[in-house]
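Chains as they are written, first to last, in the working numbering: chain A, 10 to 291; chain B, 7 to 318.
Bear in mind the hints are in silico, worked out from the structure with no lab data behind them.
Under the rule of at most 20 angstroms between Cα atoms (straight-line distance), these lysine to aspartate or glutamate pairs were calculated in the EDC-like manner:
1. B:Lys-270 x B:Asp-253
2. B:Lys-270 x B:Glu-284
3. B:Lys-270 x B:Asp-234
4. A:Lys-26 x B:Asp-114
5. A:Lys-173 x A:Asp-262
6. A:Lys-26 x B:Asp-132
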Amino acid sequence: MNAVIAGTRAELLRLRKWPSMWVLLAAWIVLNLVFVYLFNYITFKTGGTTDMASSAPPDVLLAQMLPSAVPQVFTQGMAMFGGALMLILGALTIGSGYGWGTWKTVFTQGPSRSAALAGTLLALLTVVIGLVLTVAAVDVGVATVIAAVESEPANLPAASAMLKALASGMLILAMWTAAGVLVGALARGPALSVGLGLVWVLVVENLLRGVAAVLDTVSVVTDFLPGTAAGSLAGSLRDFGGDTTPGVLNILDGSTSVLVLAAYVAAFAAGTIWLVRRRDVN
Amino acid sequence: MTSDIVVTDRLTKRYGEHAAVDAVSLTVRAGEVYGFLGPNGAGKTTTLRMLTGLVRPTSGTATLFGCAPGDGAVAARTGVLIEGPGFFPYLSGRDNLRVLSRCRRLQDDAVESALHRVGLRHRGHDRFRTYSLGMKQRLGVAAALLGEPDLLILDEPTNGLDPAGMAEMRELIVELADSGHSVMLSSHMLSEVQEICDRVGVISRGELIAQSTVAELRGGTSLLVRADPRERAAAVLAELLGRDVVDTVGDALAVAVSPELAPKVARVLVDAGIDLYELSRRERSLEDVFFAMTSDSNPGDRTASNEPRRMS
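Here chain A stands alone, though its shape is the one from the complex (with noise of 0.2 angstroms):
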């Protein structure tokens, strides 16, 4: 365990001061200010309507900009560009070991390949939740600031619905990070891996969805599909009506979801560990 501990304080001293997980970090939380709050803001105050913007109506579109509906609104990015982000980041974060040659160098420093691993993992899990904790915070500030301009009551979402929803997100995001890093560990190389991760989260899936629907057959499948199971979860979340954001789906109820998301967790997390020690590090 100690090897464990050791190990995740050194992955954690190396991401902190990694450009490109800030840069990642960073992306993520303007991409949900855009698509949660800009576009349905814009599309409120215009009374027009926009692709990326509910068609729902007016006071239903302010409700979702309000403090109230954080819980509600913040997983909904995470189905679909906040999931592909974080496989970037859990992609990166392996691939690019193989590339500089720094798993050689920790791989010989004592600590097994499992506990690096670990280690690994577990900071990653950490940068989770900062995130996810980063963001709730900002989006609970952001609809503060909407509901003073609108001159709406500011109130605070229940403590309850808050915490399942952060815990949402995490789990979500923690999927697609774990997603990534395996990808990373397969590809051994950050190209490869961002490739083939992307393609997955952003076209095979829901190409697959799509057969889905002709062929109730394959259903099987693709209702348990990573991407699926977050979106069933974050689409959970909510029950505003109108139309969802791409991504958010209603395949399975949140509990399902939940314990398909943990059981992709640990697979990826198991299988990136006895891939890598089972492999040579040349």
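Please arrange chain B on chain A, whose structure you already have, making use of the hints.
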């Protein structure tokens, strides 16, 4: 009293049909500097990777301090630099070492000590990507020195260093050996190996073809004779000293006898009416021995068995 801290027994690594390392059995003793020599692609780095647990052998065994490579206790006693330094390019040299010292559960002052030892303390705050090749190599050695390991495994440690840097690295390695560290290094710089190594192993096409002290590998001294006519001089010397000890080296003769026989050799040649242009003491360099051993083009000609030529 010596003890073997690195022992391999018929260590083999195959990639498909190709044997990158073929039944290598070598030993490194405590406190010595062991040179691991071989041409490019001979299997040096693969052997070192197996010794550090990065690569699994196909067959055979290796032990370091009596344990398997990759064992946590072994790694804690071993400092490694394999095939160029692997560091995070966006971190400073100091932060890179701090990351590794955290992995090893060391205090940060170990980082300062290692940086100081390789002369990088004043550049420790610069990003690794801005380092010259030589500085990167020195940081790699600094990483290997973290925690004062008992054994250092260094793959081409002077790669990229300028002459002054090479001299400093040699001094550092000798200093480490003097202070009780054992060092196993691979190198192409044969003069350097000759200067600092106690024993060497020579690997060619995956096979260990010799393992010995440097002195034994170089063999004894001989006499170099340049005389005219050369063929007659060779006949006279063969009659005097025996046919086996006279060999032709370019336009001269190499006579494998003690240099103390130089006056006798000169006298017999002059008495025979042969013009003597040069008579000098000849010592084979490690480079001569290395090229002689590794230049055989037919692998089957080199050794009849997998047993290396042991001279000690």
